[in-house]
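First to last, the protein sequences are chains A and B.
Start counting the first sequence at 1; every next residue gets the next number (my numbering).
Start counting the second sequence at 1; every next residue gets the next number (my numbering).
Calculated directly from the structure, the hints in this document are not laboratory data.
If you're wondering where the values come from, they're calculated on a predicted model, not measured in any experiment.
Among the clues, some could well be false.
What the hints assert, rightly or not - Short derived list, chain B residues pointing at chain A, Cβ under 10 angstroms:
no. : residue
1   : G6
2   : R13
3   : S16
4   : R17
5   : G45
6   : R46
7   : M84
8   : N88
9   : F89
10  : I90
11  : I93
12  : L94
13  : L98
14  : S99
15  : Y244
16  : L245
C-beta atoms are modelled at their ideal positions from N, C-alpha and C, and glycine is treated no differently.
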Amino acid sequence: MNNIAISIKNLVKNYDGTEAVNNISFDIKQGEFFGFLGPNGAGKTSTINAITGIANFNSGKIEVFGSDVVKDYRKARSYIGLSPQEFNFDPFLNVQQILVYQCGYYGIPKAICTKRAKELMKLFGIYEKRNASIRALSGGLKRRLTIARALIHKPKILILDEPTAGVDVELRHYLWDFLKKLNKEGTTIFLTTHYIEEAEKLCDRVCILHKGKILEIDDKKKLMKRFAKSQIAIELKDKLKTIPKNIKKYNYKIDGNNLIFFEDKTKINEILNSIKKNEIEIVDINIESSSLEDIFINMVKNG
Amino acid sequence: MVNWIGFYTLTKREISRFLKVWSQTILPTAITTLLYLFVFGFAIGRILPDINGITYLEFIIPGLLMMGLITSTYANNSTSIFMMKWLNFIEGILVSPLSYIEMVGAFILGGIVRGLIIGTVVYLISLFFYSGSIFNPILFISLMIIVSLIFSSLGLITGLWAEDWDQLNIWSTFIITPLVFLGGVFHSISLVPESLQIVTKMNPIFYMVDALRYSMLGISESNLALGLPLIIILAVSFFFFTVYLFKIGYKIRR
Ligand SMILES: Nc1ncnc2c1ncn2[C@@H]1O[C@H](COP(=O)(O)OP(=O)(O)OP(=O)(O)O)[C@@H](O)[C@H]1O
Ligand SMILES: [Mg+2]
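Just chain A, same shape as in the assembly:
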């Protein structure tokens, strides 16, 4: 079988007047935990809608395990489970029915659906609410139900559009562990989130989308290495009157008694030696690696 789970080529999606997705291309490999990041309105949901059949798109080609989402839509859709950003439950059904009916739409016999629905409701702590109407669920419980519904047909690919928005800390951590385990067991995961920490914790590869265009797409670790500049803050006993010559070659700034370098951590010894040579007394040293969040903010600001 094709080991590309989702392949997107030159995807363009316009709403009258707005270019939501502007010619993007990328592949997601089978088994990957893929993070899709970007500020509000970047085009993340529009991309997901194009993949899952919720929206048409203007041009480009999307394949899911080799099946074209337009020509071979039934096969393509059968591989994917979607937990959408906005709740879209059928108001005529209760919690358990929502799971069982959705499962039925995928062509799975009712007895199996009911069994799975019960397992998933227990797993996500909504079993007690199985006969409740949707209106009776809190936001967090609804979120759990969307994820349970996305999993009801055991999809090979799970697409999560901001699954942890409006979710409490406990559930967020529970979900993180759950998703990690699911991914280890072989499910390809496509995650959209505004919590960069979440992407940093979970994802193998990250794509940063901005104004419908891809700013960066790379392995998370490589991305962080490529852009990570550590911030080395050295607190001095006395304020510097003049800047020693051998320090000028670094990328630095002076902040009161602090001398702050924006350089790779590997240079730390060299920097400290240069300072010592000038017989400047050091009081404290503080090193901070930049996080994915810094990288993200920087990119979006400049992009």
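Take the given structure of chain A and dock chain B with the ligands to it, following the hints.
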């Protein structure tokens, strides 16, 4: 390969939707039918002359059945699809591997079941007023199914088209209700001035009402050789047009 379970599940969803609120979906038609039969058929009808050898009361029974069937299947499917679109839960169906034919088929089958229930209810009510004999039962049932199909499709089409509740009601108020009333539910075409009969003959609902009247009472005023094929052509073309709209995602896949 047909996704039978998926098709069955969506059909079941459609049927349980209207059954759950039967007091809004079945009962009103039963009550209006009863009122029409009592006031027009029983009370006023007694002073009216027979039409083609049958009493006025008997004459309007097939008309009322067709009227109930048309208005409720149309309302059923236009409301159902409109709600799905309005509240976005059509997305749950769009992301599933149901084919467009299966989606449309399930919605329409739901509408047909509603039509058959309405037809049965109206028929049972009419038993208070006439013998209940049916001239051609196979034609009678086939007509109920096929006319339900036509108006279920039309309901889907207008439900997709409508962007708010007002637009949803435009069709039934300005097109379907007038065509039903002018289609000979309550009157014989012979009562219409000859110069205006052409208008009746251009109204497809006239052929439906008349064909049903033929199947129940054995009398007809229209050319069935023209009417029956017309009904079948309408059904097939509306069905495939609806499938086409789903395929292009007309107003559902933004
Ligand atoms: N149905 C629509 N009609 C018109 N414009 C739309 C529609 N949906 C999205 N847009 C526009 O397309 C752009 C991309 O929106 P999209 O929802 O894909 O962003 P997003 O990355 O998911 O944002 P968020 O983080 O806020 O969810 C935005 O400018 C948005 O206003
Ligand atoms: Mg979004």
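Status of the hints after comparison with the structure:
no.: 1; hint: G6; result: holds, 5 angstroms
no.: 2; hint: R13; result: holds, 6 angstroms
no.: 3; hint: S16; result: holds, 7 angstroms
no.: 4; hint: R17; result: holds, 5 angstroms
no.: 5; hint: G45; result: violated, 41 angstroms
no.: 6; hint: R46; result: violated, 45 angstroms
no.: 7; hint: M84; result: holds, 8 angstroms
no.: 8; hint: N88; result: holds, 4 angstroms
no.: 9; hint: F89; result: holds, 5 angstroms
no.: 10; hint: I90; result: holds, 8 angstroms
no.: 11; hint: I93; result: holds, 6 angstroms
no.: 12; hint: L94; result: holds, 5 angstroms
no.: 13; hint: L98; result: holds, 6 angstroms
no.: 14; hint: S99; result: holds, 6 angstroms
no.: 15; hint: Y244; result: violated, 14 angstroms
no.: 16; hint: L245; result: violated, 13 angstroms
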